[in-house]
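Given the coordinates of chain L, work out where chain V should sit on it, guided by the hints.
Residue numbers (the working numbering), protein chains in the order written: chain L, 1 to 357; chain V, 358 to 714.
It cannot be assumed that every hint is accurate.
[Claimed, not checked] Once the Cα atoms are required to be at most 20 Å apart in a straight line, the calculated SDA-like pairs of lysine to any residue come out as:
1. L:K128 with L:A35
2. L:K282 with L:T299
3. V:K573 with L:G17
4. L:K282 with V:G561
5. V:K572 with L:D258
By construction, these hints were calculated from the structure, which means they are not laboratory data.
There are 2 protein chains.
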Amino acid sequence: MFEIDFKFVEPFELESGEILSSIELRVTIYGKLNADKSNAVLVFHALTGSSRIGDWWEGVMGDGLGLDTSKYAFVCVNYLGSCYGSTSGKLLKKKGLNYKNQLPLVTVRDIIRTNVHLLEFLGIKKFKAVVGGSVGGMLAMQFGADFPELTEKVVAIGATPLSPMGLALNHLQRQAVENNDIEMARKIAMLSYKSPTQFNQRFGRKPNRNGENPKKHHKNRFDIAGYLDYQGEIFRNRFELESYRIITKAMDLFDLTDEQIQQISAKTHLVGISSDWLFPSKDVLDLAKRFRRNGVDTTFTELISEDGHDAFLSDTGKMSNVLREIFATEDTEKTERKKHFQINNLKVVSGRNCVAA
Amino acid sequence: MFEIDFKFVEPFELESGEILSSIELRVTIYGKLNADKSNAVLVFHALTGSSRIGDWWEGVMGDGLGLDTSKYAFVCVNYLGSCYGSTSGKLLKKKGLNYKNQLPLVTVRDIIRTNVHLLEFLGIKKFKAVVGGSVGGMLAMQFGADFPELTEKVVAIGATPLSPMGLALNHLQRQAVENNDIEMARKIAMLSYKSPTQFNQRFGRKPNRNGENPKKHHKNRFDIAGYLDYQGEIFRNRFELESYRIITKAMDLFDLTDEQIQQISAKTHLVGISSDWLFPSKDVLDLAKRFRRNGVDTTFTELISEDGHDAFLSDTGKMSNVLREIFATEDTEKTERKKHFQINNLKVVSGRNCVAA
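Chain L extracted, bound-state conformation (with noise of 0.2 Å):
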């Protein structure tokens, strides 16, 4: 595994027409590229992710598993207006902004270019491989369209445009962190990662594991909620009240139009948890047949599952299966490439290697 941090300084115009003076990008690679660099495959991490993929794909890549480090090689760049090594959230908001506390918007379609631009740099000239799940299954799709020539496949897991239900649960965790509390914002979120099948087995009605009792005071409380708030703790010291509120936003954003999705000619794997409440596989399922319908070569792929959308973090084995037969199919058929890759405006100034754990 190594790790690379560019600094691209020259102007970077987002979507929303801000112009940003210059960006940072940390790009995390394990495996090993080969000669001609044709067995990259791109991975995207979720909202509050980092570019290595090590860390919260631990038993999905790696030699032999569905993300095989022994065949390909695997590129995560942390997303502008994340804050794992990316110019972060907060440095977004002081950067170059007409108003004042405002937050650039920040749009899946601009990562994707923020990423693109990196690939001159690293010689990869196609992609093996596009992969995420959630707002990383989004970019995938987003990627697909706006850069058909660069991706053989699309892998996106757990991914629609967000449902009402979806843009609510955002809503309110942004309201949060509006107030200060990321914590809360976390918890909400946390709610529809999980599902409630998982939560009857791991914490059913039971009191806080530290002893307090719910029915002798009003503010003890059940296990469940002891959890939550562990989770809302841990959550504070790692992630940025910025961050949150611009990839939430972005997430929100994404919605591929009929003429987006025409512009796809990778091979497209839509993957649908069983468990999910916040991505039914439902609608995953109907994205499908969307895809299709607009003449995408199109898979739809149920993971079975009790843990909800965060599945395809923590149900590694079934994870790694769907990703390993996915990755075996064959494509069978050369798409056209519709669209031309464009040269942006940025170029590489500086990389450095790093050595990491």
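Chain V in isolation, oriented as in the chain L frame:
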């Protein structure tokens, strides 16, 4: 319709052992009590409801409707701790408690006992039925278990002991209330009261109806977000922080034991709502099976609706039909009275008739 305000000026001991020096209860009665007062039905309101059944069950209660005012008299008591005429949460917080800022634990059993205290004054010996939805359904079941001699039927709609998902939702709502953010509490609650399908139909991904465009500015909302904010705003003016904490805590603690269930002698009707994810219909069915295993004469009905948990309030035609059918059911067996009604330590010391809209 007429209303009565009762004031009990003898000490009332809560299940927790805390003693309240006095309590007030507001009662509303619809329809006409017959000469021997044998046609009374006790109705329990939901979390934020009042004793005015007509305000929230229009289309369900009325002449010829499911709750038929031409046959029965419907009695509803505002909960101890609520803020619609009974001793409110704010008052409870002030009264006779030992710790600064502590709220008393009020349980579903406490609320039931306050209702039973009124029977003597009202001259009612036995209810034709006790009926409620959501926390009202919890109260109906607890009433049947604690005072089996006092009702012929128990009707509980969309109610079971709270699942860990439900406990989690209540926990987050109470934490919002601790931060004086009752609007956030209401908004989280609204998500749990509605169904994804209903949101898809009503809101989809439409921009907020006030014209703001979510793609143009970071704070601009989709329609679902504008709707939730509006629901939060109107709620702040109509409900009390302490009442919210007290009643949601009572909900959390409701959890019938097998021994309690075995006390129920009333014919019991449990109703699940097909799209309810706060109290899933499957959980209601499982509870009905558990009632049967414990010797309770129990039916299960599913109300098919896309309105989510709220369907018992919003899908009035269907709710009315379900209740009409339940009230038409003849009691085929007369079960033995298993438990004596215990005389309580409180007496009616004042009661006045109120003319109200």
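Original post:
Which hints, by number, does the structure contradict?
Top reply: Hint check: nothing fails, all pass.
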